[in-house]
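*Asks:* Based on the provided sequences and hints, a complete structural model is requested.
Letter by letter, the chains look like this.
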Amino acid sequence: MSEVVLETRDLSRHFEGLAAVDGVSLSCRMSEVHAVIGPNGAGKSTLINLLSGDLRPSAGSVFLQGEDITGLSSQRISRLGVGRSYQRTNVFLPFTVFENCRLAAQSQLDTSMRFFRQALRYRAVSDAAMRVIEQVGLTRQADKPVETLSHGEQRQVEIAITLATAPSLLLLDEPLAGMGAEESVQIVELLRTLAIDHAILLVEHDMDAVFALANTLTVMVNGAVLESGEPQAVRSNRLVQFAYLGEHDFEPNRV
Amino acid sequence: MSTRARWIALFVGLTLLFAFPLIGDRFYVQFVSKILIMTIFAGSLNLLVGYTGLISLGHAAFFGFAGYILALYSPDTEAAGLLTSLLLSVGSAALLALLIGLLVLRTGGIFFIMATLAFAEMLFYLFHDTAIAGGSDGIYIYQRPVLMIGGWQPLDLANSAHFYYLALFFSLAAIACIHMLLRSPFGHVIVGIRVNEQRMRALGFDTYRYKLVCFVISGALAGLAGYLAASQFGVVNPETLGWHLSGSVLMMVILGGMGTLVGPVLGAFSLMMLEESFQSITKHWQLLTGAVIVLVALYLPRGFAGLLRKRADTDKLPPPGAGGSGTPAAAERPHV
Amino acid sequence: MDPYIFLIQLLNGVQYGLLLFLVASGLTLIFGIMGVINLAHGSFYMLGAYLAWSLTAQLGNFWLALLAGFVLSVVLGILLEWLFIRHLYRRDHLQQVLLTYGLILIFSELRSIVWGDDVHSVAVPTLLAGSIPLTETLAYPVYRVWLSIVCVVLAAGMYYLIQHTRLGMMVRAGASNREMTQSLGIDIGLLYRLVFAFGVALAAFAGMLAAPVSSVFPGMGNQVLIICFVVVVIGGIGSVKGAMAAALLIGLVDTFGKVVEFEISGFRVLPELAGMSVFVMMAIVLLWRPEGLFARRLR
Ligand SMILES: Nc1ncnc2c1ncn2[C@@H]1O[C@H](COP(=O)(O)OP(=O)(O)O)[C@@H](O)[C@H]1O
Ligand SMILES: [Mg+2]
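Chains as they are written, first to last, in this note's numbering: chain A, 1 to 255; chain B, 1 to 336; chain C, 1 to 299.
FYI, nobody ran anything at the bench for these hints, they're computed from the structure.
Where a beta carbon is used, it is the ideal one built from N, C-alpha and C, also for glycine.
Take these hints with a grain of salt, some might be off.
Some residues of chain A that are not near chain B, with every Cβ distance over 12 Å (derived) [unchecked claim]:
{"id": "1", "residue": "9"}
{"id": "2", "residue": "18"}
{"id": "3", "residue": "23"}
{"id": "4", "residue": "26"}
{"id": "5", "residue": "99"}
{"id": "6", "residue": "135"}
{"id": "7", "residue": "180"}
{"id": "8", "residue": "197"}
{"id": "9", "residue": "225"}
{"id": "10", "residue": "229"}
Not everything, but these chain C residues come out facing chain B in the computed CB check (under 8 Å) [unchecked claim]:
{"id": "11", "residue": "109"}
{"id": "12", "residue": "110"}
{"id": "13", "residue": "155"}
{"id": "14", "residue": "226"}
{"id": "15", "residue": "232"}
*Replies:* Structure representation (structure tokens):
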């Protein structure tokens, strides 16, 4: 089996008494899509925030390629090859799509403490930006400011700048939420291609996409792992069905 | 404005500036020199406020400190060398910016505003209350710096035309330098920080370091302005570190239009002219200045440049505030 | 150090700290609840002191002056909120800084026009004019004790108001969630106006109380504002508890800084540098806990 890229042990995060993430242990291998599902408020976004360094764990540890990265800042973790997307679009709204992706791709330079040459002259960076724009299918919108794009297109930008840092581990927080059917299909295809040489932790409400992509499926409820394993096995689990089908506040395409 | 109109305006403006000492009265030559210095000062602050989104209320600290260094370095009986004294002053201002920046950049938003002001005031009290450099009266520079190359003395800063051209050279150089910086990878990072610092971190940028470098560059440029101001007036007093100056220069940045290259130039010119005319009207001219500031804050937050330009020609750099130069305060408001 | 001198310094430090708290708490409340950074806050302290001086002269009675000054400052606060401050909610910090900086210039010139630029002093009211003897040669002024007690009572009242009343609940709700408060049917506009006026009145009141113990001079507002910024940075923004702790800390550090350094050094090695001690405190806090001593952790 391929190498383990990401591993968490008993990872927890409390918000003033509320255990948003509660003793989660999971792992993600190279070329694996590990989907995490669960009702709203289950702690999926918090989990991703803990892995990306946006939040600091209250307890437990995170390993990346065997190295302990618990509590490192988000910029350190990003530099180690972890890219994450946000559930709520979190990009540079006044910039154009190209500027967004170019800036993100610029983090591939060993340093941006470069003061003299024009940024646009760094061809490798611009090329990398154009590549991700093409990957998510926004080539025609490349020169438009993101704030003028439709909601679905902004979601595509979100994914594009995540990819632009050339990460080997992708943490995707509901990448399809808010996208139209056509774009969704395109992104699912993209993720399938990316899965070949990436490790992907995918939080997603779109069950068709999850079952189309996932090699491993983890169900979270109230911050803890309810069930984890091979997708079809998890699907047939009674407990999961109960947790899911019993929850009426579960909206498949919540933004 | 169209590109062509802009080139013409630029050409006419530059010609006027170059020809000015030939036609202008000495008093006005000195006055315009002063404005040119303030252009550098405002440009340096614009780098922080307009592009990086860091609202410093203590920027005079670097301006005044550089002046003090020149005054302390200048011998009483002979003129200081231009190059050494300039390097020393600007270097000291940069060092001070590094020290203060290391501290204040650990916070953000409103803390940053308060902390920059507080540290600048600390420096004010240091020079005001102690005998290091003449206390509240300040310290004189009896001999202005001169440039000596061998036995040749091409520049004597006591000569107002010489001084004018030096100030003009440095203000154009400063603008060119800022322009270059903004187009570089570094410049794109600082603008990215203004728009969405959190995402910049998530993309792997060590934003603290970039902000610190920007703070130091900005401090050094402010030091350049302070050096020039000190050698123009021949006196440095605690007011040059004070928060009225910090407030004025911030006002220039905003009045002209922050986050634009011409903003500080427009701002320095208009505020200085305005203050000059207010001063001729009444002893209580600050009342009028205050009223103008309030009106600008309420009705013209994007400044003159904001009136002139459409979004399309903002150099692809978004107008500040569009993405949140001042993050809406709510984000950092904790419990009571 | 002589224990009585120590006691006197301790009382002075606490009293100074409490006074700072009155000003700083208004600053931090206005920011915490309304999200407005108010540079003009020091001006209200200065105005308070000048009001105390001029009203005492006009009315011939410090107590009447205190009352009239308080009412005037509440009115001023309401007026300012209505004219200017309400346009600043949810605006950039930059606009807030700019507008309130403009207000400083305006207040300072108005003060100069109305009252001139001279330094004045206000007599301690006869009722509190005495001193409490500590030893044969040392005594402590009754007025300073009274001043401290008033500050403590005000602070306690504020704590009660915020923690235990409906108004306080609204204030706390407004601080954490503007939309929610609005949807609960609370008139947020009125609430903000009252909070601002209250903050102004606190600062002005502090200025009035301080008038008899310190002199009344033009730059006093800016001086206190800077120190209050230090207090807020140390205490953590929006935290009244933090403002109290930091104000006391600064009051003590400043007061003792002046004496202790003098004693340790044995000879006058720049005793003026004692004024720097509060800024050193701020630097340490920025290094150690940049979000302030009493703020929640961010990450
Ligand atoms: N910064 C925070 N402060 C306090 N509570 C939070 C914070 N972030 C998330 N929570 C709480 O943690 C729980 C899990 O939230 P989240 O991770 O966003 O769930 P999901 O992404 O699965 O919908 C929720 O109850 C949410 O209210
Ligand atoms: Mg979520």
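*Asks:* The structure should be examined with respect to each hint, and the outcome stated for every one.
*Replies:* Cross-check of the supplied hints:
For residue 9 of chain A, the requirement that its beta carbon stay farther than 12 Å from each beta carbon of chain B is met, with the minimum near 23 Å. Chain B leaves residue 18 of chain A outside its interface by the beta-carbon criterion, the shortest separation being 16 Å against a cut-off of 12 Å. The non-interface label for residue 23 of chain A is consistent with chain B: the shortest C-beta to C-beta separation is roughly 25 Å, beyond 12 Å. Separation of residue 26 of chain A from chain B is adequate, the least Cβ-Cβ distance of about 21 Å exceeding the 12 Å criterion.
With a cut of 12 Å on Cβ distances, residue 99 of chain A falls inside the contact zone with chain B, its closest approach being about 7 Å. The non-interface label for residue 135 of chain A is consistent with chain B: the shortest C-beta to C-beta separation is roughly 17 Å, beyond 12 Å. With a least beta-carbon separation of about 24 Å from chain B, residue 180 of chain A lies farther than 12 Å from that chain, consistent with its non-interface assignment. Every beta carbon of chain B lies more than 12 Å from that of residue 197 of chain A, the smallest distance being close to 20 Å; the non-interface claim holds.
No beta-carbon of chain B is positioned within 12 Å of the beta-carbon of residue 225 of chain A; the least distance is around 25 Å. No beta-carbon of chain B is positioned within 12 Å of the beta-carbon of residue 229 of chain A; the least distance is around 30 Å. The beta carbon of residue 109 of chain C comes within 4 Å of a beta carbon in chain B, closer than 8 Å, and the hint placing it at the interface holds. At its closest, the beta carbon of residue 110 of chain C sits 7 Å from a beta carbon of chain B; the interface hint therefore holds under the 8 Å criterion.
Using the Cβ-Cβ criterion of 8 Å, the hint placing residue 155 of chain C at the interface with chain B is not satisfied: the shortest such distance is roughly 14 Å. Look at residue 226 of chain C: its Cβ gets to within about 5 Å of chain B, closer than 8 Å, so that hint holds up. For residue 232 of chain C, the interface hint holds, the least distance from its beta-carbon to any beta-carbon of chain B being 6 Å, beneath 8 Å.
The structure fails to meet hints 5 and 13 from the earlier list, while all remaining hints are met.
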